[in-house]
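Use these hints to put chains E and X onto chain R, whose structure you have.
Chains as they are written, first to last, in the working numbering: chain R, 6 to 217; chain E, 6 to 217; chain X, 6 to 217.
Hints are computed from structural coordinates only; laboratory data are not their basis.
Some hints could be false.
Pairs involving identical chains hold if they fit within one copy or between any two copies, as the list cannot separate such chains.
[To be verified] Each computed DSS-like pair below joins lysine-lysine, with the alpha-carbon atoms no more than 25 Å apart:
#1 Lys32 to Lys102
#2 Lys148 to Lys32
#3 Lys148 to Lys102
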Amino acid sequence: MVEEALVFWVGAAIFGFTSLMFAALEKRGHGGEMVFGSNIFVSFITTISYVVMALALGTTIAENGQPIYWTRWLFYIASCSILTLDIAFIARKPASKKVEVALFTGLTMFCGFLASIIVTADRWWFFALSTAAYFGVLYTLSKRLGDESVNVTSIMWFVMVTWSLFPVVWVLAPTGFGVLTTFVEAILYLALDLITKVAFGLYISARQDIGK
Amino acid sequence: MVEEALVFWVGAAIFGFTSLMFAALEKRGHGGEMVFGSNIFVSFITTISYVVMALALGTTIAENGQPIYWTRWLFYIASCSILTLDIAFIARKPASKKVEVALFTGLTMFCGFLASIIVTADRWWFFALSTAAYFGVLYTLSKRLGDESVNVTSIMWFVMVTWSLFPVVWVLAPTGFGVLTTFVEAILYLALDLITKVAFGLYISARQDIGK
Amino acid sequence: MVEEALVFWVGAAIFGFTSLMFAALEKRGHGGEMVFGSNIFVSFITTISYVVMALALGTTIAENGQPIYWTRWLFYIASCSILTLDIAFIARKPASKKVEVALFTGLTMFCGFLASIIVTADRWWFFALSTAAYFGVLYTLSKRLGDESVNVTSIMWFVMVTWSLFPVVWVLAPTGFGVLTTFVEAILYLALDLITKVAFGLYISARQDIGK
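Bound-form chain R, shown alone (with noise of 0.2 Å):
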């Protein structure tokens, strides 16, 4: 077994866990969620993108000689659009820009699954599309049109930090120039799931002033 496949199934152990512990949550109704149970969806999503990810089922391998394992972006269309699409909802966006935020972030990941699978350099057409996407991600979520009665420029700010440092994982790992290893990659992008996604969710469903 590779290394980092032991953090693969670190990874989802963890989110198995948190999966049914946001469905425990949202059934005593602290689930403090906007449209559904999004939290359980991100977490159980994530829980099968780790176990494809650990099983090494669609992996590539990079210039250097690494692996790349691809399949996480294609999970995180799902995910991270689930994700955005609540942070919409927290933010009090009108209709119109739920379904941009989301949309942008699918594009988001589809085109940082492009730029992962492929190895030549043509993968930088892709992450040029993808940061395009990406700031249409930003630039949406932090345009103030919203229902300014919560205050969630915090929240935004902490969005918006955080999910920025999955896109400087990718230029320094294999995927990108190769800086890191792997091994390490992996260890940084299980930190920032958790931090996105089970911390962040924590957070908004114990924050009373948030939701329906």
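For chains E and X alone, kept in the frame of chain R given last:
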């Protein structure tokens, strides 16, 4: 031509016919549809699925040498999500529960796809994840949250019993323990498809107390 | 570099530019959008599609030896469904018809994808299924159900005529009977993409009587 191809062509012909039948029913205002002409789409997507299987466009070989038609599960992601969304409408679930039941269904079928395309023992991980998502479907459908003015208890029981036979076939077929041949499996799935998609759709269309 | 690659790069450049143009129009409140900034997404998804074709990331070889760029149809699933959803908004169709027209469009393009990636005679099954779904699009759009206070008859005729040229090109190109070369096919599709996606979007944005 392998013997199961005949079953698939029969399925394609039946579902092609029922697509037109449900379109005619909807045109005459007997659609009984909740949000849209869902029965048409369920039948039409199933028609495409059966043609893909009849032409054997995507298959893998189980450990016992029998072919596995894994494409079926990709089409179920769309058709069955539409179907459970419809069922959630019939049960007058709140909007958040409608989204949840459709997402759980999609994840059940997606994990079923992974469990079917993988022929090693690893497939049981995805069978377990699919089962977990399916419990989400059953739990969301069975919870009494909706408007109780319409008696839908018998419908929910019918749905939960007949849908639960799909994983039973999966476990007995070459995808699972290989007790059944691919031919018998194809006949059983066709029977279940007819019960859960055509008979169910006709029954819902006929009941006047359900719907808009 | 094959000669059609130049056409695809030109397409990528134009749609990259129109993505920004529609974003600027929307920011200035001249979006004329129905639910969300759909023109931006239609152009942006088309940009990705053209870059994928320019890099020849997914092709198959037709029976006459010409390459088939089947990825185009996968991107049409998303871009054209958004577009017909928008058209259904313009025609003020009821919500159920909006969903139906988008689903029929997605199925038209999905079957078009299968018809394009398959090079044997089996592809005509999917051309037939795609045509059936396309009749669903035309029927749902042409049926007079919406609010007639806005005159959209000319728009509907424009849409139905220009969209119907896509299957004509498909039949004449290497995907069908191979009367046209892949190069000519690429130019014709680019022209149709510009008419149905850019010119149409600009016209809708300019008309003041349509929209919210």
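#### Entry: Unsatisfied constraints (hint numbers, rising)
Checked against the structure, no hint fails, so every one of them is satisfied.
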